[in-house]
Amino acid sequence: MAEFMTLPEAVAQNLNSGDTAAFEGFTHLIPHASAHEAIRQGIKDLTLVRMTPDVVYDQLIGVGAVRKLIFSYAGNPGVGLLRRLRDAVENGWPNRIEIEEHSHAAMANAYEAGAAGLPFATFRGYKGAELARVNPNVKSVTCPFTGEELAAVPAIRPDVSFIHAQKADRKGNVLIEGIVGVQKEAVLAAKRSVVTVEEVVDDLWTHPNACVLPGWAITAISIVPGGAHPSYAHGYYPRDNASYIAWDKIAADRDTFLAWMQEHVLDATPEDFVDRISHLRSAA
Amino acid sequence: MSDKDFTSNEMMTIAASRALKNTDVCFVGIGAPSAACNIARLTHAPDVTLIYESGTIGTAPQVLPLSIGDGELCDTAVTTVSVPEMFRYWLQGGRVTVGFLGAAQIDRFGNINTTVIGDYDQPKTRLPGGGGAPEIASSCGEIFITLKQSKRAMVEKIDFVTSFGHGEGGDHRQRLGIATKGPTLMVTDLAAWKPDPVTREFTVVSLHPGVTREMVQAECGWTVRFAPELVQTSRPTSVELSTLRDLNARTKAAHSGGKNGEAA
Chain A
1 MAEFMTLPEA
11 VAQNLNSGDT
21 AAFEGFTHLI
31 PHASAHEAIR
41 QGIKDLTLVR
51 MTPDVVYDQL
61 IGVGAVRKLI
71 FSYAGNPGVG
81 LLRRLRDAVE
91 NGWPNRIEIE
101 EHSHAAMANA
111 YEAGAAGLPF
121 ATFRGYKGAE
131 LARVNPNVKS
141 VTCPFTGEEL
151 AAVPAIRPDV
161 SFIHAQKADR
171 KGNVLIEGIV
181 GVQKEAVLAA
191 KRSVVTVEEV
201 VDDLWTHPNA
211 CVLPGWAITA
221 ISIVPGGAHP
231 SYAHGYYPRD
241 NASYIAWDKI
251 AADRDTFLAW
261 MQEHVLDATP
271 EDFVDRISHL
281 RSAA
Chain B
1 MSDKDFTSNE
11 MMTIAASRAL
21 KNTDVCFVGI
31 GAPSAACNIA
41 RLTHAPDVTL
51 IYESGTIGTA
61 PQVLPLSIGD
71 GELCDTAVTT
81 VSVPEMFRYW
91 LQGGRVTVGF
101 LGAAQIDRFG
111 NINTTVIGDY
121 DQPKTRLPGG
131 GGAPEIASSC
141 GEIFITLKQS
151 KRAMVEKIDF
161 VTSFGHGEGG
171 DHRQRLGIAT
181 KGPTLMVTDL
191 AAWKPDPVTR
201 EFTVVSLHPG
211 VTREMVQAEC
221 GWTVRFAPEL
231 VQTSRPTSVE
241 LSTLRDLNAR
251 TKAAHSGGKN
261 GEAA
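Residue numbers (our numbering), protein chains in the order written: chain A, 1 to 284; chain B, 1 to 264.
I should point out that these hints are in silico values taken from the structure, not numbers from a laboratory.
Be aware that a few hints might be false.
To be verified - Below are the PhoX-like pairs computed for lysine-lysine, each with C-alpha atoms no more than 25 Å apart in a straight line:
1. A:K44 <-> A:K68
2. B:K181 <-> B:K157
3. B:K124 <-> A:K249
4. A:K171 <-> A:K68
5. B:K157 <-> B:K124
6. B:K252 <-> B:K157
7. B:K148 <-> B:K194
8. B:K157 <-> A:K249
9. A:K68 <-> B:K124
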């Protein structure tokens, strides 16, 4: 049953150094506040999973919290490359990280298999693609009915998944709207889950087929308005594209990056997120 | 060249946009393809179905998204599905007629690298990776590619095969059991290219206005083949140009994030 608690409590109770953790969000609803809290609590040695690691994974990698990254597209969409990730992969700063690289189709299927309690996912993919050569976790199976050879990848089963959502009701049922990405699968595939929400309401007032995660399927909920910034929460505030563009310069230099992290993450709190979206709300 | 009233980038986007039909269902890759696909929708193909991998189906954005998951895409879509559904039912299910891709590095057979420059384990430059492209390349009915030409991008041998094109050429796709056509068109800032029917090597079929064979070769890392009947790409029409420039202006205003941005 979902328990409401502060974000520092939710992270402390559900994320440990050495865990396999997913902070999921497909451009939309990226749980920045949760990841920042993990950095503040000094969590280390993480195996991070995400289809589209972007700015917040660049930050986790840059502060040295990550041992291994499992992903399918690591970039700052529309802006460029992730410079902290590059520094780690190309130069080993601040530490070398292990890479397990997939395609989106593989990751999406692997999350679904995790949510479905299956040991692996199968799909028609990786044909002629060289990732199959460099990733030993890409294998193949033969369809017992048609003989077709299909790709196979292990299910994703995180110790803990973090997501951000629009709202929860007082029983902890959570509504996700807009680009729903792979968050439902990430929560159901994980042993534990932490959901940050923009607000808590008496009634979700939604339609019967909406993407609602029942409270009993979630471990902890924290109320963090603005908690996705500079990603966005559909209906609340738009994507802060200017911040994504600005990140490229901040991440380009180690000292600039560290100074930025000190000011905006280490010396900040979850309550600071609401101020970061105040100038965006009128545009939502 | 001196009488051109459009840039080579504008010519590239517009020439690429013309390839999409009104009846197409198009999986839009990140970057350059997005502009071309939306110009098609805003000019000759108003009913084209544009799909972005974030799950938005039938989207009609007023401004170009910076990412493949901007809220604008969802707001204007016919429906938005989960990412697993997108890749399983819609892409793998065979419902997409065209995949429109960009490329960091490409070879003469339309194999694309967006993973690393240099060795995979000791890369000189770590690129974002494949994302949806490996399966877009094999599951869509056919593939259009658009990129700006340079010797760095168009190389004899790519460093990593992220997305399979025609492999080593000929019937390589069929030999791997891939039933779709693969790359059938490449539009650069200088020319339009189509694969040779037998060897599958990309061959220049159309030069953009003011472009010579020598200019195409100067920005390509392999020895370029030209079709016997080489034509000139039609100049952008005033409607195409004004549609593109308006779209770019709206997009710039929306993404600047400044107080002056009138969009959003």
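Against the structure, the hints come out as follows:
The hinted pair formed by K44 (chain A) and K68 (chain A) meets the criterion: a straight-line CA distance of about 11 Å does not exceed 25 Å. The straight-line distance between the Cα atoms of K181 (chain B) and K157 (chain B) is roughly 22 Å, inside the 25 Å bound, and the hint therefore holds. A hinted pair counts as satisfied when its Cα atoms are at most 25 Å apart, and K124 (chain B) with K249 (chain A) qualifies at roughly 20 Å. Distance check on the hinted pair: K171 (chain A) and K68 (chain A) sit about 36 Å apart at the alpha-carbon level, beyond 25 Å; violated.
For the proposed pair K157 (chain B) and K124 (chain B), the alpha carbon gap of about 16 Å is at most 25 Å, so the pair holds. A distance of roughly 36 Å separates the Cα atoms of K252 (chain B) and K157 (chain B); the hinted pair therefore is violated under the 25 Å criterion. At most 25 Å may separate the alpha-carbon atoms for a hinted pair to count; K148 (chain B) and K194 (chain B) meet this at roughly 16 Å. This hinted pair does not check out: K157 (chain B) and K249 (chain A) have alpha carbons roughly 32 Å apart, beyond 25 Å.
The suggested pairing of K68 (chain A) with K124 (chain B) holds, with an alpha-carbon distance near 20 Å, which does not exceed 25 Å.
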